[in-house]
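With these hints in hand, go ahead and build the complete structure from the sequences.
FYI, the numbering used here numbers position 197 of the sequence shown as 211, with every residue one higher than the one before it.
Since the hints were derived computationally from the structure, they do not count as laboratory data. A virtual CB, placed ideally from N, CA and C, is assigned to each residue, including glycine. Among the hints, erroneous ones may be present.
[Said to hold, decoys possible] Below 30 angstroms or equal to it, Euclidean Cα-Cα: the simulated BS3-like pairs (lysine-lysine) are: (1) 216 to 249; (2) 163 to 216; (3) 196 to 163; (4) 206 to 260; (5) 260 to 216; (6) 206 to 163; (7) 249 to 260; (8) 196 to 249; (9) 206 to 216; (10) 216 to 196; (11) 196 to 206; (12) 196 to 260.
[Stated by the list, open to error] Here are the in silico distance ranges between beta carbons for each label pair: (13) 247 to 221: 27 to 33 angstroms; (14) 258 to 163: 31 to 37 angstroms; (15) 253 to 207: 31 to 37 angstroms; (16) 170 to 260: 23 to 29 angstroms; (17) 247 to 129: 23 to 29 angstroms; (18) 129 to 164: 16 to 22 angstroms.
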Amino acid sequence: MTESTPVFQTHASAPEKAPRKWLVAGATLASTLFMFGVSHTSPITQTATAAMNLRAGSAVVGSLSGLTAEESIIATALNPHEQSARTARWLVHKNSWATIATTSIHLNGAPFAGLASYSDGIGNSPENATGNILFYLTPMDSTGQDVAKNPHVSVGIAMAQLGHCIMDAQDPTCWKATISGKLLPVEGDAAKRAALQVLYSKHPQMSWWPAGHGFQPFELHPTEILLLDFYGGAKNITTDEYYAVKL
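Okay, here's the thing in C-alpha coordinates:
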(Lines of atoms letter the chains of each structure in order from A and count residues from 1; the text may use other names and numbers.)
(Lines give C-alpha, C1' and ligand atoms only; values in the text may rest on other atoms or scores of the structure.)
Protein backbone atom coordinates (compact mmCIF):
# COMPACT_ATOMS: atom_id res chain seq x y z
CA MET A 1 0.00 0.00 0.00
CA THR A 2 1.34 3.39 -0.97
CA GLU A 3 0.51 6.82 0.48
CA SER A 4 -1.80 7.47 -2.46
CA THR A 5 -3.81 4.27 -2.00
CA PRO A 6 -7.22 4.84 -0.32
CA VAL A 7 -7.62 3.08 3.02
CA PHE A 8 -11.26 2.20 2.27
CA GLN A 9 -11.71 1.69 -1.45
CA THR A 10 -14.94 0.12 -2.70
CA HIS A 11 -16.39 -0.41 -6.13
CA ALA A 12 -18.81 2.44 -5.45
CA SER A 13 -16.13 4.95 -4.45
CA ALA A 14 -13.50 4.04 -6.96
CA PRO A 15 -14.92 5.72 -10.11
CA GLU A 16 -15.19 9.15 -8.43
CA LYS A 17 -14.60 11.20 -11.58
CA ALA A 18 -17.89 10.14 -13.25
CA PRO A 19 -20.26 11.87 -10.79
CA ARG A 20 -18.12 15.00 -10.96
CA LYS A 21 -18.53 15.05 -14.72
CA TRP A 22 -22.32 14.84 -14.36
CA LEU A 23 -22.25 17.59 -11.73
CA VAL A 24 -20.28 19.93 -13.98
CA ALA A 25 -22.53 19.14 -16.93
CA GLY A 26 -25.66 19.82 -14.88
CA ALA A 27 -24.34 23.14 -13.61
CA THR A 28 -23.42 24.19 -17.14
CA LEU A 29 -26.91 23.31 -18.42
CA ALA A 30 -28.60 25.21 -15.58
CA SER A 31 -26.45 28.27 -16.21
CA THR A 32 -27.28 28.16 -19.93
CA LEU A 33 -31.02 27.90 -19.27
CA PHE A 34 -30.85 30.78 -16.78
CA MET A 35 -29.07 33.07 -19.22
CA PHE A 36 -31.55 32.09 -21.94
CA GLY A 37 -34.41 33.06 -19.66
CA VAL A 38 -32.82 36.41 -18.82
CA SER A 39 -32.24 37.25 -22.46
CA HIS A 40 -35.89 36.44 -23.25
CA THR A 41 -37.51 38.42 -20.44
CA SER A 42 -41.02 39.52 -21.31
CA PRO A 43 -41.61 43.18 -22.25
CA ILE A 44 -43.72 43.64 -19.10
CA THR A 45 -40.85 42.44 -16.89
CA GLN A 46 -38.38 44.64 -18.76
CA THR A 47 -40.68 47.65 -18.29
CA ALA A 48 -41.05 46.95 -14.58
CA THR A 49 -37.26 46.64 -14.24
CA ALA A 50 -36.84 49.96 -16.03
CA ALA A 51 -39.36 51.47 -13.64
CA MET A 52 -37.44 50.33 -10.59
CA ASN A 53 -34.23 51.79 -12.02
CA LEU A 54 -35.80 55.06 -13.18
CA ARG A 55 -34.36 57.17 -10.36
CA ALA A 56 -30.98 55.41 -10.45
CA GLY A 57 -29.55 57.41 -13.34
CA SER A 58 -30.26 61.07 -13.93
CA ALA A 59 -29.87 60.67 -17.67
CA VAL A 60 -33.07 58.64 -17.91
CA VAL A 61 -35.21 60.39 -15.30
CA GLY A 62 -38.62 60.98 -16.81
CA SER A 63 -38.10 58.60 -19.73
CA LEU A 64 -40.62 56.09 -18.38
CA SER A 65 -43.26 58.82 -18.32
CA GLY A 66 -42.54 59.74 -21.92
CA LEU A 67 -40.87 63.12 -21.37
CA THR A 68 -38.67 64.71 -23.97
CA ALA A 69 -35.11 65.58 -22.97
CA GLU A 70 -36.08 69.25 -22.61
CA GLU A 71 -39.08 68.43 -20.43
CA SER A 72 -36.96 66.14 -18.25
CA ILE A 73 -34.59 69.03 -17.54
CA ILE A 74 -37.51 71.26 -16.54
CA ALA A 75 -39.13 68.60 -14.37
CA THR A 76 -36.03 67.48 -12.46
CA ALA A 77 -33.73 69.14 -9.95
CA LEU A 78 -30.70 68.47 -7.77
CA ASN A 79 -32.44 67.31 -4.59
CA PRO A 80 -35.65 65.34 -3.92
CA HIS A 81 -37.56 68.18 -2.25
CA GLU A 82 -36.87 70.63 -5.03
CA GLN A 83 -37.49 67.95 -7.64
CA SER A 84 -40.94 67.14 -6.23
CA ALA A 85 -41.95 70.80 -6.14
CA ARG A 86 -40.61 71.32 -9.66
CA THR A 87 -42.49 68.27 -10.94
CA ALA A 88 -45.74 69.56 -9.44
CA ARG A 89 -45.21 72.98 -10.99
CA TRP A 90 -44.36 71.38 -14.34
CA LEU A 91 -47.62 69.39 -14.25
CA VAL A 92 -49.62 72.50 -13.45
CA HIS A 93 -47.98 74.53 -16.21
CA LYS A 94 -48.09 71.92 -18.98
CA ASN A 95 -51.78 71.13 -18.48
CA SER A 96 -54.65 73.48 -19.18
CA TRP A 97 -57.58 71.72 -17.50
CA ALA A 98 -58.18 69.93 -14.22
CA THR A 99 -60.73 67.98 -12.23
CA ILE A 100 -62.25 69.95 -9.35
CA ALA A 101 -63.72 67.92 -6.49
CA THR A 102 -66.31 69.84 -4.48
CA THR A 103 -68.86 69.25 -1.74
CA SER A 104 -71.98 69.02 -3.85
CA ILE A 105 -75.18 70.95 -3.26
CA HIS A 106 -77.33 68.88 -5.61
CA LEU A 107 -75.99 65.63 -4.09
CA ASN A 108 -76.72 66.84 -0.55
CA GLY A 109 -73.09 67.11 0.55
CA ALA A 110 -71.69 64.11 -1.31
CA PRO A 111 -68.47 64.56 -3.32
CA PHE A 112 -68.79 65.80 -6.90
CA ALA A 113 -66.05 66.12 -9.53
CA GLY A 114 -66.25 68.52 -12.45
CA LEU A 115 -63.86 69.46 -15.23
CA ALA A 116 -62.68 73.05 -15.69
CA SER A 117 -60.05 74.85 -17.75
CA TYR A 118 -57.38 76.87 -15.97
CA SER A 119 -54.20 78.88 -16.52
CA ASP A 120 -51.12 79.44 -14.35
CA GLY A 121 -49.54 82.28 -16.32
CA ILE A 122 -49.65 84.25 -19.54
CA GLY A 123 -49.23 81.98 -22.57
CA ASN A 124 -47.36 78.70 -22.69
CA SER A 125 -43.84 79.88 -21.88
CA PRO A 126 -42.41 78.32 -18.69
CA GLU A 127 -40.85 81.69 -17.83
CA ASN A 128 -44.35 83.11 -17.32
CA ALA A 129 -45.58 80.29 -15.09
CA THR A 130 -46.54 81.56 -11.63
CA GLY A 131 -48.04 78.46 -10.05
CA ASN A 132 -51.21 80.45 -9.32
CA ILE A 133 -54.11 78.38 -10.66
CA LEU A 134 -56.92 80.48 -12.10
CA PHE A 135 -60.33 79.17 -13.19
CA TYR A 136 -63.24 80.85 -14.99
CA LEU A 137 -66.46 79.66 -13.36
CA THR A 138 -70.16 80.37 -13.74
CA PRO A 139 -72.94 80.06 -11.14
CA MET A 140 -74.93 78.22 -13.79
CA ASP A 141 -72.57 75.24 -13.43
CA SER A 142 -72.58 72.73 -10.55
CA THR A 143 -68.94 73.49 -9.69
CA GLY A 144 -69.61 77.23 -9.54
CA GLN A 145 -72.61 76.68 -7.30
CA ASP A 146 -70.69 74.34 -5.01
CA VAL A 147 -67.71 76.65 -4.42
CA ALA A 148 -70.05 79.58 -3.74
CA LYS A 149 -71.49 77.54 -0.88
CA ASN A 150 -68.27 75.81 0.24
CA PRO A 151 -64.94 76.96 -1.28
CA HIS A 152 -62.94 73.95 -0.04
CA VAL A 153 -61.91 71.87 -3.07
CA SER A 154 -59.35 69.38 -4.30
CA VAL A 155 -57.92 69.83 -7.78
CA GLY A 156 -56.47 66.85 -9.65
CA ILE A 157 -53.94 67.27 -12.48
CA ALA A 158 -52.20 64.34 -14.18
CA MET A 159 -49.56 63.65 -16.79
CA ALA A 160 -52.00 61.20 -18.40
CA GLN A 161 -53.93 64.23 -19.66
CA LEU A 162 -50.94 65.06 -21.86
CA GLY A 163 -50.67 61.56 -23.33
CA HIS A 164 -47.07 61.23 -22.10
CA CYS A 165 -47.40 58.14 -19.91
CA ILE A 166 -45.88 54.88 -21.07
CA MET A 167 -47.25 53.01 -18.06
CA ASP A 168 -50.91 52.87 -17.00
CA ALA A 169 -52.44 56.18 -15.90
CA GLN A 170 -52.79 54.86 -12.35
CA ASP A 171 -49.15 53.73 -12.16
CA PRO A 172 -47.09 55.99 -9.85
CA THR A 173 -44.64 56.77 -12.67
CA CYS A 174 -47.49 58.50 -14.49
CA TRP A 175 -47.18 61.68 -12.45
CA LYS A 176 -50.22 63.19 -10.75
CA ALA A 177 -50.79 66.04 -8.31
CA THR A 178 -53.70 66.76 -5.98
CA ILE A 179 -53.86 70.34 -4.76
CA SER A 180 -56.36 71.13 -2.01
CA GLY A 181 -57.42 74.47 -0.63
CA LYS A 182 -59.97 77.24 -1.03
CA LEU A 183 -61.18 78.27 -4.49
CA LEU A 184 -62.14 81.92 -4.10
CA PRO A 185 -63.31 84.68 -6.47
CA VAL A 186 -60.62 87.13 -7.54
CA GLU A 187 -61.33 90.46 -5.83
CA GLY A 188 -60.65 93.98 -7.14
CA ASP A 189 -60.91 95.38 -10.66
CA ALA A 190 -57.16 95.41 -11.36
CA ALA A 191 -56.73 91.85 -10.07
CA LYS A 192 -59.69 90.69 -12.16
CA ARG A 193 -58.28 92.26 -15.32
CA ALA A 194 -54.91 90.60 -14.70
CA ALA A 195 -56.59 87.25 -14.04
CA LEU A 196 -58.63 87.49 -17.24
CA GLN A 197 -55.49 88.28 -19.23
CA VAL A 198 -53.89 85.11 -17.86
CA LEU A 199 -56.98 83.00 -18.60
CA TYR A 200 -57.62 84.38 -22.09
CA SER A 201 -53.98 83.87 -23.09
CA LYS A 202 -54.40 80.10 -22.84
CA HIS A 203 -58.12 79.89 -23.52
CA PRO A 204 -59.05 82.57 -26.10
CA GLN A 205 -62.56 81.17 -26.43
CA MET A 206 -63.32 82.29 -22.87
CA SER A 207 -63.25 85.93 -24.00
CA TRP A 208 -66.52 85.55 -25.86
CA TRP A 209 -68.41 83.28 -23.48
CA PRO A 210 -71.87 84.80 -22.75
CA ALA A 211 -71.66 87.74 -20.35
CA GLY A 212 -75.10 86.86 -19.06
CA HIS A 213 -73.81 83.59 -17.67
CA GLY A 214 -71.94 85.37 -14.90
CA PHE A 215 -68.46 83.96 -15.49
CA GLN A 216 -65.79 85.30 -13.16
CA PRO A 217 -62.17 84.39 -12.34
CA PHE A 218 -61.43 82.22 -9.32
CA GLU A 219 -58.03 81.51 -7.79
CA LEU A 220 -57.02 78.38 -5.91
CA HIS A 221 -55.32 79.07 -2.57
CA PRO A 222 -53.48 75.81 -1.74
CA THR A 223 -53.22 74.42 1.77
CA GLU A 224 -52.01 70.92 0.80
CA ILE A 225 -50.09 69.74 -2.27
CA LEU A 226 -49.60 66.01 -2.82
CA LEU A 227 -47.49 64.63 -5.66
CA LEU A 228 -47.24 61.00 -6.74
CA ASP A 229 -44.43 60.61 -9.27
CA PHE A 230 -42.77 57.31 -8.31
CA TYR A 231 -43.14 54.20 -6.17
CA GLY A 232 -43.03 54.66 -2.41
CA GLY A 233 -45.99 56.94 -1.72
CA ALA A 234 -47.02 60.52 -2.38
CA LYS A 235 -44.83 63.49 -1.44
CA ASN A 236 -46.23 66.35 0.59
CA ILE A 237 -45.01 69.64 -0.89
CA THR A 238 -45.24 72.84 1.12
CA THR A 239 -46.68 75.93 -0.51
CA ASP A 240 -43.35 77.71 0.02
CA GLU A 241 -41.52 74.96 -1.91
CA TYR A 242 -44.17 75.03 -4.63
CA TYR A 243 -44.08 78.78 -5.24
CA ALA A 244 -40.27 78.99 -4.96
CA VAL A 245 -39.80 77.01 -8.19
CA LYS A 246 -38.71 78.85 -11.33
CA LEU A 247 -39.39 76.85 -14.46
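Results for each hint:
{"no.": "1", "hint": "216 to 249", "verdict": "holds, 29 angstroms"}
{"no.": "2", "hint": "163 to 216", "verdict": "holds, 28 angstroms"}
{"no.": "3", "hint": "196 to 163", "verdict": "holds, 12 angstroms"}
{"no.": "4", "hint": "206 to 260", "verdict": "holds, 24 angstroms"}
{"no.": "5", "hint": "260 to 216", "verdict": "holds, 19 angstroms"}
{"no.": "6", "hint": "206 to 163", "verdict": "holds, 21 angstroms"}
{"no.": "7", "hint": "249 to 260", "verdict": "holds, 19 angstroms"}
{"no.": "8", "hint": "196 to 249", "verdict": "holds, 20 angstroms"}
{"no.": "9", "hint": "206 to 216", "verdict": "holds, 16 angstroms"}
{"no.": "10", "hint": "216 to 196", "verdict": "holds, 23 angstroms"}
{"no.": "11", "hint": "196 to 206", "verdict": "holds, 17 angstroms"}
{"no.": "12", "hint": "196 to 260", "verdict": "holds, 24 angstroms"}
{"no.": "13", "hint": "247 to 221: 27 to 33 angstroms", "verdict": "violated, 42 angstroms"}
{"no.": "14", "hint": "258 to 163: 31 to 37 angstroms", "verdict": "holds, 33 angstroms"}
{"no.": "15", "hint": "253 to 207: 31 to 37 angstroms", "verdict": "violated, 25 angstroms"}
{"no.": "16", "hint": "170 to 260: 23 to 29 angstroms", "verdict": "holds, 24 angstroms"}
{"no.": "17", "hint": "247 to 129: 23 to 29 angstroms", "verdict": "holds, 27 angstroms"}
{"no.": "18", "hint": "129 to 164: 16 to 22 angstroms", "verdict": "holds, 19 angstroms"}
Hint check: violations occur at hints 13, 15; the rest are consistent with the structure.
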